[in-house]
Amino acid sequence: MIPANPEWLPAGSAGLVALSLGVAVLATAWPRQAHRIGLLGALAVTAWVLGLSATFLHAGPDPETAATRVALGGWEAPLGLMLQLDGLSMTLLVLTAVVALATSLYSLGYVHDRIERRQFWPLWLWLWAGLNMLFLSGDAFNLYITLEVVSLSAVALVAFTGTAAAVSGAVRYLLVNILGSLSFLMGVVLLFGEHGVLDLVLLEARTEAGPTERMAAVLMTAGLMLKAALFPLHVWLAPAHGSAPAPVSAVLSGLVVTGSFYLILRLWMGVFAPLATPAFGILVGLLGVGALIWGSLQALRAGRLKSIVAYSTVAQFGYLLVAFPLMLVDPGAWRVVVFFAVVHALAKASVFLAAGTLQHAAGHDRLAELGAVLRARPRTVFALGLAGVSLMGLPFTGGFIAKYLLLEAGLGTVLAGSLIGVLWVLAIAGGGLLAAAYVLRMVAPAFHRGRRDAGEAVSPWMDWVPLALATVAALAGLAGVLTLNTLALTPGAP
Amino acid sequence: MSLFYLAAALFLLGTILLGLVRVLRGPGSGDRMLAAQLFGTTGVTILLLLSLALEASALVDVALVFALLAVVAAVAFVRQHGLPEPPDTPIHRQPPDTPGPERHHDDR
Amino acid sequence: MNALLVLFDLVLLAGIVGVAWRCLASTDLFRAVVLFITFGLLLALAWVRLEAPDIALAEAAIGAGITGALLLVTLERLRSIMAERRSGRPHSPPPDPTGPHALLRALHDPLPEHRTFLPALSFALVVGGLLVTALWHQPQSVGLEPVVDAHMDVSGVDHPITAVLLNFRAYDTFLELAIVLIALLGAWSLGRHDLIPARPAPGPILPGTLRLLVPVAVVTGVYVLWAGSHAPGGAFQAGAILGAAGILLVLARPRQLPMAPAGPLRLGISAGVALFLLVGLYGLAAGHGFLGYAEAWAYPLIILIEVAATLSIALTLVALFVAGRPAGDDT
Amino acid sequence: MIANALTVILILAGLVFFAAGTAGLLRFPDVYSRLHALTKADNVGLGLVILGLMFQAGGPADILKLLLIWVLVLAAGTTAAHMVAQRTWTHGEFESDR
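Chains as they are written, first to last, in this note's numbering: chain E, 243 to 736; chain V, 227 to 334; chain F, -1 to 329; chain U, 232 to 329.
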């Protein structure tokens, strides 16, 4: 085995950006081969990311030096803009690669029409490239542009089927995204006006708790919350998912939304860290409790499979908000939060892919009429159930480890003498019960007696990929220590 | 001198704001389009005056681009694609349209 | 002078806010479109006053040449769709449930009519007030100007904006080009476009004007592109001017223009990003960093990228105006 | 000095036409007469201002650019007025746009 050399990391990060962009450009210019380019590109980018992460883990035992900063074009900040690779971005890059590879393989079966294929693959590859660039960006304005690349291609993919409902959902999503982006941009402008730099590291060194920072924090966080569908700004999520193609839903709920959340976390751990006060933490935590309850109730009421899954995203992101006050008490808890987001992304993507298979087989996704297909497709139902179990947080799944760690952090808060900590613990525990209720709602018809009807034939990709991804999600608990150790290699973070 | 240019530009800006009354009142789309056309010319003039007042010669290029593209909107106004051939009667104000059958339902 | 400038700015500001408000509040779509065109004009003046002539130039080209035409044509298509809906019988061409028509219908489906005025106004006032407070406390920051000025001699060009856009922060510019491209890919994914037959010109005036305007537009586009290396201008502005000229041709063509072949069109719209990426990869391989240039090669490479980007932007804008993807893409 | 005086006089004369054009746009009774009023502002108003500005121009290139702007606006104004009139004639004046 070739020993990993830390000096490869800068070229490796720039190379990842270049590779994913190159694949996207090639597919755009040569749409007839877009699916082949896409498949090869997906394999290449995934291999690159895994190689990069191996090098990264080998290279940096020291968290303070673990961040790799790459000056693009040879111009150092503040003049130029820098890529930044640290434990946090590495973790999310690996997550993106796994989910995106699964989505790509699934799409080989799902988007089979010759003409649709040409439209789908370029947009999807741009979206993936955008996500990679988002996680690698270390510059406030560049973050805005990568967010735009991600949102715009995501909007186009939501509208992709071109039906009135899809377009209507996409237009709503587009408006929400524009509003969110502009709000974020306004915050960037305020910070730039105050400090004259855009680089996140330089900004972090210069910020204090002044009026500009407060306003910028409000604007940027609100914009990102809108994009991340965080309660109460989640109303666009379900309509956007309602008629989006299954692989798009998987990426939207698994990765795009997580990307916005990543950015919130990154900003509050860095630039806005001086602004976080206990009262603010409690406010965010209360929003999280609201999200848990409201999202779960909607998921329990929804009549369509994909709506249930979409609302469960709203509910599950409630955990991430509840974790915010915990992080103020125990700063190290942020790693648990990221781990939870990773497990959620894996599980949610596989649930959506499985739902897509069922929808394709049945021709619709109305839960009440889905029984026959559910009974005839045990493999897909198993994938749905396995990923659902991870969402619920039953023992030995990734979800269990993540929730266990969260609960531990919550109890730590209570022991530290915070009364409201009891509420967080109750919310974390109760959220699992609600999740169990709506997951069971999805799979229960499979166990009723009745007619079996496999429905329309599906390609083997659509049959096996959800199961494989659900297995990864369930086994993600085994990678818990590895993830937490990787995350520890984030400089400046506790 | 630059004071004079600036005053002239301010005067022209005032005429644009006055002319907005025609855009708001209409009544026909032709009236509104004409007002927009006049605003375009006035804008070109303001830019030329500002280029002297602020001593920024690049503004002449901006004025040039405005002048060059002033006709595009008017051409679009007259020659839209879906425009039916002249109808027998002018279209008059229609009652608010009824919801179409293809309206989709949210499941909530 | 100063008092008069302040007065000018205040009048301009009042005009911008007033026009925006009337535009948003308008129940008549055509009136809203004309107000939006006016808004673009006032905005260009505001950019001038903010000493950003580059953006004023872009706003002039986009605002005067493209958005107005785009909105007017969209409005007309919308109107024919609504007429068809009212009369209950399909208008020509037969409705396609998945084409651009679906987009128009979705846009026209009214949002629920809550009484949103007061909440919206109070929200705007609160946010605006907070913003003003934040800006009030802001120091007179010089931003990155001194750093950029210190590096101008190694940037390869003489205009600081171009140096930032194509050298110091070329990555951002690359992604902006990509965003324009993604917008087109999104529009194409919605459906196919069948070219609507041209109608005969209604007299000698329009063709005569075209014969004057299109060559002048091409020359102006090239001039603005060239000016970008030392004065306000550059690829985005030039691309927008050429794109507007293309839109004018599409709008006013008296006879059938041949349909753009799908393959070359795809190559044309991606030429800008492709070339940019190749140059970037070369920089990575040659040790100047991804998207970096050797100092001696900076000027020719920047010009090369800008020419390709101009062509791609112009083509993309025209294709976006035409909306659906070319039919050749479907065979 | 004389150049400055000429510039001021010509620009002032141009402004009069702009004011007249706007007044016509607001006060005249129908599309056709409004169109008549505002093309005067387009052609003569801008023409006079540009004539005035030419006395301040730095060189022949600047003068040519100014002339080009005027020619372009003339063409645009003519075409636009012609086409709006034509459309109004064929489609009727009080066409609704809702």
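FYI, nobody ran anything at the bench for these hints, they're computed from the structure.
No residue lacks a Cβ here, since even glycine has one placed at the ideal position from N, Cα and C.
Mixed in with the good hints, there may be bad ones.
Just the calculated beta-carbon pair ranges, DEER-fashion [stated by the list, open to error]: (1) Leu302/F / Gly545/E: 50 to 58 angstroms; (2) Leu22/F / Leu244/V: 20 to 28 angstroms; (3) Leu243/U / Ile420/E: 40 to 48 angstroms; (4) Pro520/E / His228/F: 52 to 60 angstroms; (5) Val247/V / Leu210/F: 30 to 38 angstroms; (6) Pro520/E / Leu302/F: 52 to 60 angstroms; (7) Gly692/E / Trp19/F: 58 to 66 angstroms; (8) Tyr297/F / Ser283/V: 19 to 27 angstroms; (9) Asp26/F / Leu421/E: 49 to 57 angstroms; (10) Tyr297/F / Gly289/U: 22 to 30 angstroms; (11) Ala148/F / Gly289/U: 45 to 53 angstroms; (12) Val152/F / Ala244/U: 49 to 57 angstroms; (13) Glu358/E / Trp19/F: 49 to 57 angstroms; (14) Ser120/F / Leu292/E: 48 to 56 angstroms.
Structure versus earlier hints, numbers of those that do not hold, lowest first | Of the numbered hints given earlier, those the structure breaks are 9, 11 and 13, listed in rising order.
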